[in-house]
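**Student:** One point on numbering: in this note's numbering, the residue at position 346 of the sequence shown is 346, and numbering is uninterrupted.
Where hints are given, some of them may not hold.
Said to hold, decoys possible - Each computed DSS-like pair below joins lysine-lysine, with the alpha-carbon atoms no more than 30 Å apart:
#: 1; residue 1: 94; residue 2: 621
#: 2; residue 1: 566; residue 2: 508
#: 3; residue 1: 621; residue 2: 17
#: 4; residue 1: 428; residue 2: 283
#: 5; residue 1: 209; residue 2: 239
#: 6; residue 1: 5; residue 2: 72
#: 7; residue 1: 508; residue 2: 428
#: 8; residue 1: 501; residue 2: 283
#: 9; residue 1: 358; residue 2: 372
#: 10; residue 1: 94; residue 2: 124
#: 11; residue 1: 283; residue 2: 387
#: 12; residue 1: 295; residue 2: 283
#: 13; residue 1: 5; residue 2: 17
#: 14; residue 1: 149; residue 2: 17
#: 15; residue 1: 309; residue 2: 374
#: 16; residue 1: 295; residue 2: 239
#: 17; residue 1: 432; residue 2: 283
#: 18; residue 1: 27; residue 2: 5
#: 19; residue 1: 283; residue 2: 124
#: 20; residue 1: 295; residue 2: 387
Stated by the list, open to error - Using C-beta positions, here's what the derived DEER-type ranges look like:
#: 21; residue 1: 95; residue 2: 205; range: 22 to 30 Å
#: 22; residue 1: 607; residue 2: 55; range: 30 to 38 Å
#: 23; residue 1: 309; residue 2: 431; range: 46 to 54 Å
#: 24; residue 1: 205; residue 2: 374; range: 47 to 55 Å
#: 25; residue 1: 145; residue 2: 317; range: 46 to 54 Å
Since the hints were made in silico from the structure, they are not lab data.
Since this is a predicted model, take the numbers as computed values, not measurements.
All C-beta atoms in this analysis are idealised placements derived from N, C-alpha and C, irrespective of residue type, glycine included.
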Amino acid sequence: MPEDKIIIRGAREHNLKNINLELPRNKLVVFTGVSGSGKSSLAFDTIYAEGQRRYVESLSAYARQFLGQMEKPKVDYLGGLSPAISIEQKSTSKNPRSTVGTVTEIYDYMRVLWARVGVQHCHKCGKPVGAQSTEQIIHRILHYPEGTKLMLLAPVVRDRKGEYRDLFEDMRRDGFARARVDGEVYELERLLPAEGKRAAEIELDKRLKHSIEIVVDRIILREGIESRLADSVEMTLEKGEGLLIAKVIDGEETLMSQRSACTDCGISFEELAPQNFSFNNPKGMCPACDGLGRKLEYDPDRIVRDPAKSIRAGAIGPTRSVFEDGKKSHWSRVIAQNLRQLADHAGFSLDTPYGRLKKAHKDLLMNGPTPKEKGKLGWKGMIPMLKRWFENTNSEGMRTWLLEQYMTPVPCRTCGGGRLKPESAAVKVGEKSLVEVTRLTVEQALQFFDALFGEDSHPREGVGAFGGNGKPGTAWITHPLDEIPSRLSEVEMEIAAEVLKEVRGRLKFLLDVGLYYLTLDRSAPSLSGGEAQRIRLASQIGCGLVGVLYILDEPSIGLHQRDNRKLIDTLCRLRDMGNTVIVVEHDEETMERADYLVDFGPGAGVAGGEIVVAGPPEEVKEHPDS
């Protein structure tokens, strides 16, 4: 059989009527026809399904047991298949942590860029972070209250796998007696094998990541300690390569650094790494929202079901029945009494419609009285009451009910929805933080990175409020940046050139598929099926795969004509890289640009399932039945 064709014999999946067809490889092939005529049955349920089945069969028996047996499509023969990738119109991800930036891997490259050339700023005062002398560190430690018991720790291992026996042996040889391993302080004798034994009392699992610090000294701050403290601080900084942890016994600990510190605020910062900018990693995520950017909070608008009703008539959902006639529970009687007491104390009526109450009275009802008044009143507030129910109940059904009934997601107050911890969000490249850049649209982000690279942004033909003539410049830009950053320095460019190349390339792919309006922090679950499909298409181009069979489902849906042309150019680029592209499509321009066109029909359902005509578009166009 020729290797330049995909050969199909006897395809009978769904309504297909024993179809025989030969498709050229490494070409743009379009399947068209009325809805229900069999296009998807051949493209996805036959060609793609058989490609996947063969891939699974090529795996080891061990791997196949997790994937299960895939049913063979109803086809007599299918030859010339390449590894197949389906790009359908469905959501990219239901994971709330996934964004446009993470799905396209642009965010991963940005994390590397900010870690390598980012300028640290203090998250408290906003000033750039600089070096800190040994004397300044000693001065900071001496500011702890007299009598404070401290451990001085030198970080030597940060989140790395290994057993570290040689390291512990070196510590003992240098005269140290203790080490802190993963937050616990141990005598070195327990971490090393005793004489004549092969294993230590405490063995580290080499498959797990560990953090290890040398316990350099344990001191009590008192008069006359300065000389010993100075020696210990110098030793700690030497062993920790410029880092020191001052740990209050049974209290908090503070990282101090010779390299990165804000001397005004007395805050030290750890050396930057890509993990510091990951909202999926404890080193980078906002501690308040765990990197989600949003938190569930009780919403007064959901708690108050009907503002036109009074409290006595049931305006507040959880207390709507406490004033009803008839037998009441002890809880209902207590709540009713507490509400009467609150109304008498604050001077409002339980019969006034909730919407007409003063703001101060609404605040009392929702959040409860001030700390001074809490002892006088039984009412603690509707929101504190709901929080207490949520924390104390063992019923998952009750928790779910409270979440669905009274809570709503709101931007995290700590990170402002940016997902990163304050220290990471304060690092800047081109005078912008990583969070600020992810809030830019794709076209604005490309302007930003082009400027860092030292190039003008390239126009997108026909787009823009100011022109659209396709000439070089910025006439195409729909939303220009307020401030264009300066080009990176020569030293920074040596470090960042390859990363910038990848970021700019992926942003251009998103532009080419018409997604210039999306922001990089846009949540993946919120994307439409068409947007998700085009993002996957752009990502595939970024991967640079060759010899692959791509199958797409109506990628032009919802696109403006100018962006449709860019999409077709992208499909052609995918083909020109050495891939076969099969597109199920009704768009006329896509059909005209195809290398090979297959018209299904003549009708839908049982009236379809046949090939009306197949060939180059100009031949199909002349066929009387097409």
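**Student:** Which numbered hints are broken by the structure, listed smallest first?
**Tutor:** Result: hints 1, 10, 14, 16 break, sorted rising.
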